[in-house]
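Q: Protein chains in written order, with the numbering used here: chain Y, 1 to 344; chain A, 1 to 344.
Check before you lean on any hint, since a few could be wrong.
[As the list claims (entries may be wrong)] One side of the interface only, derived from the structure: several residues of chain Y facing chain A at Cβ under 7 Å:
| hint | residue |
| --- | --- |
| 1 | Arg20 |
| 2 | Gly21 |
| 3 | Glu25 |
| 4 | His28 |
| 5 | Tyr53 |
| 6 | Gly116 |
| 7 | Gln118 |
| 8 | Arg127 |
| 9 | Tyr130 |
| 10 | Ala131 |
| 11 | Asn141 |
| 12 | Pro191 |
| 13 | Arg192 |
| 14 | Gly196 |
| 15 | Trp328 |
| 16 | Ala329 |
[Said to hold, decoys possible] Far from chain Y, by Cβ distances over 10 Å, these chain A residues were calculated:
| hint | residue |
| --- | --- |
| 17 | Val41 |
| 18 | Val42 |
| 19 | Ala44 |
| 20 | His156 |
| 21 | Leu222 |
| 22 | Arg232 |
| 23 | Pro277 |
| 24 | Gly307 |
| 25 | Ser312 |
| 26 | Gly339 |
Keep in mind the hints are simulated off the structure, nothing from the lab. C-beta: ideal position from N, C-alpha, C; glycine also.
Listed below, chain by chain, are the residues.
2 protein chains.
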Amino acid sequence: MSPEIPIPEDGSPIEIDVWRGNLIESRHRVHGAVVDAHGGVVLAFGDYNAPIYGRSAIKPLLALLLVESGAADRYNLTDREIALASASHSGEPGHVDAVKSWLGGVGLTIDDLECGPQAPGTEAALREMYAAGAMPTRAHNNCSGKHSGFLTAARHLGFPTKGYIQYEHPVQQRLLGILEQMSGTELTGVPRGIDGCGIPTIAFPIANHAFAMAQMADPHHLPEARAAACHRILRAMTREPWYVAGTGRFCTKVMEAAIGKVAVKGGAEGVQMGALPEHGLGICLKAADGAGRAAEVAMGAVLRRFGVVDDSVAPQLGSVFEPEIRNWAGTVTGRIAPGSEARF
Amino acid sequence: MSPEIPIPEDGSPIEIDVWRGNLIESRHRVHGAVVDAHGGVVLAFGDYNAPIYGRSAIKPLLALLLVESGAADRYNLTDREIALASASHSGEPGHVDAVKSWLGGVGLTIDDLECGPQAPGTEAALREMYAAGAMPTRAHNNCSGKHSGFLTAARHLGFPTKGYIQYEHPVQQRLLGILEQMSGTELTGVPRGIDGCGIPTIAFPIANHAFAMAQMADPHHLPEARAAACHRILRAMTREPWYVAGTGRFCTKVMEAAIGKVAVKGGAEGVQMGALPEHGLGICLKAADGAGRAAEVAMGAVLRRFGVVDDSVAPQLGSVFEPEIRNWAGTVTGRIAPGSEARF
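All chains, full assembly: derive it from the sequences and hints.
A: Below, the structure written as structure tokens:
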């Protein structure tokens, strides 16, 4: 950690280098911002006011409806289900079983999920499933916990469960309202698309994504129910990190190592978001080219910058923050590392 | 196709845009060159003199040793094996069986392969393998055909088969010599690394990779045995495109559609190379960030520029050159397309 190195002054993105042998084989550019709960920009690089889709990295924000509506209490959800509501899980047996059990408790089944089936993300889970003659289900979809959260909120609030992924459905409209308040942006008429799991994905600036996470990290300005929901979601994520991602995954490993100090969540196309409760800061990073590996290594650099990773946990995270590249025979052939200006 | 639009004059890379809804969600930069057999640069963009690892995209060049040494004739190899020697196959049953049969004909087994085991690249092949209680073998490795080619050449030339992936082994030294001659570069002391399958990978400029492919496409200046080997390898690739990649893959689809007009080969970290025999041109493209999807779409733009894809085959290739992005439920959520300056 070199806290003295300032923000790159020209507003250029930070670079993440992919080394093989003695050559940088590929190079990523990452835009990002770290913001406090008053909207102050603490650290920024690249086009940090560019609109992006936060993709799955905003799931902790989307879990607010489930918790603050009272749905989570009504159905006796534990940290595990709230972590799953904020998760992009790997579809390992433990994730799938927990989702099924949750839906059962709400009186629903996996047929009520409106995400498509997706194969598990680990070799072991894939092998186990196919060896048993089974096929991927909607519960295996990495977003099935988030969808279970939407269904649970819909049921609690008396909305129809069918069609809950549609932009016009009251669940999605409530979520839009939450995103507007948390991000401090007006989201009518902004670019939007459909996410990998079928729900709307809405574009707003990187810095406002970071601000939304800052409000989660430091929610004392927020209404009581929302502030309590922010605390509960971050606590659930950091207490049950395996349910937020899965075996060997970046978010899981970081939250396991830096217990309670950070909640991190990645999304497709190179998005990483994080909340630092002790600092009252929110982080949003976007790899320009959509590479998840770049966003992860950039998040590692930012977390080191803020001392989230100190000497006591650094050894556990070296392999995550500057990962080695190995070939099929297990030989180390390279590594991914922050470029010099990203070593804050 | 708009052949009038010139090379971007400022030497900037071309951009490949990843759309979701009405927003460019991610953007790639691709460097590249199209070169003729006299070394004339016909089209170039970005840092086309930057050194890159050609990775698996150079496999057609590496197959030269197998063919010109006489090994291919001695062991009665057909187009299928020569295509496999130039392949990054998907480890589908047909690929694996062909490799095993080839090795058997040379008196070797998959235990002689020095690449690591790799799971098949298609969901169907993966499911079939695990459902049968089997595990990935070295023959499943996408490079097993190339390795079989090295082993066959080693056997024919009287070299030890053991250690054939080492930089010092005579097979690798011969291959280096071939690369030097074909690329017109001196390869002593240049950056090098280890490839995903264990062999050395050597860095030299993008334009020289393109020149090497141009010499394959138009080998009339080359010694007779090498020229014949160039013809034979390109013919094998274009006649047996499934063996060069596999079901649904970019290289396979392009060569199936543009029969005989182009041999294309991708490599890890966003490399694409191609030979246009009718034009006597070679192509090399490198996505700066290593994204294969960007290199493929850029290759599509270059092939259209040179009329390789005319109206008769364009419909088959639209989905490959500007692929749709679908979510897990099969809904179209976006597309990948060349940026305006890449629509040559």
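Q: If a hint holds in the structure, say so; if it doesn't, say that too.
A: These are the hints, each one checked on the structure:
no.	hint	result
1	Arg20	holds (4 Å)
2	Gly21	holds (3 Å)
3	Glu25	holds (5 Å)
4	His28	holds (5 Å)
5	Tyr53	holds (6 Å)
6	Gly116	holds (3 Å)
7	Gln118	holds (5 Å)
8	Arg127	holds (5 Å)
9	Tyr130	holds (4 Å)
10	Ala131	holds (5 Å)
11	Asn141	holds (6 Å)
12	Pro191	holds (4 Å)
13	Arg192	holds (5 Å)
14	Gly196	holds (5 Å)
15	Trp328	holds (3 Å)
16	Ala329	holds (3 Å)
17	Val41	holds (23 Å)
18	Val42	holds (26 Å)
19	Ala44	holds (20 Å)
20	His156	holds (25 Å)
21	Leu222	holds (29 Å)
22	Arg232	holds (29 Å)
23	Pro277	holds (30 Å)
24	Gly307	holds (30 Å)
25	Ser312	holds (34 Å)
26	Gly339	holds (13 Å)
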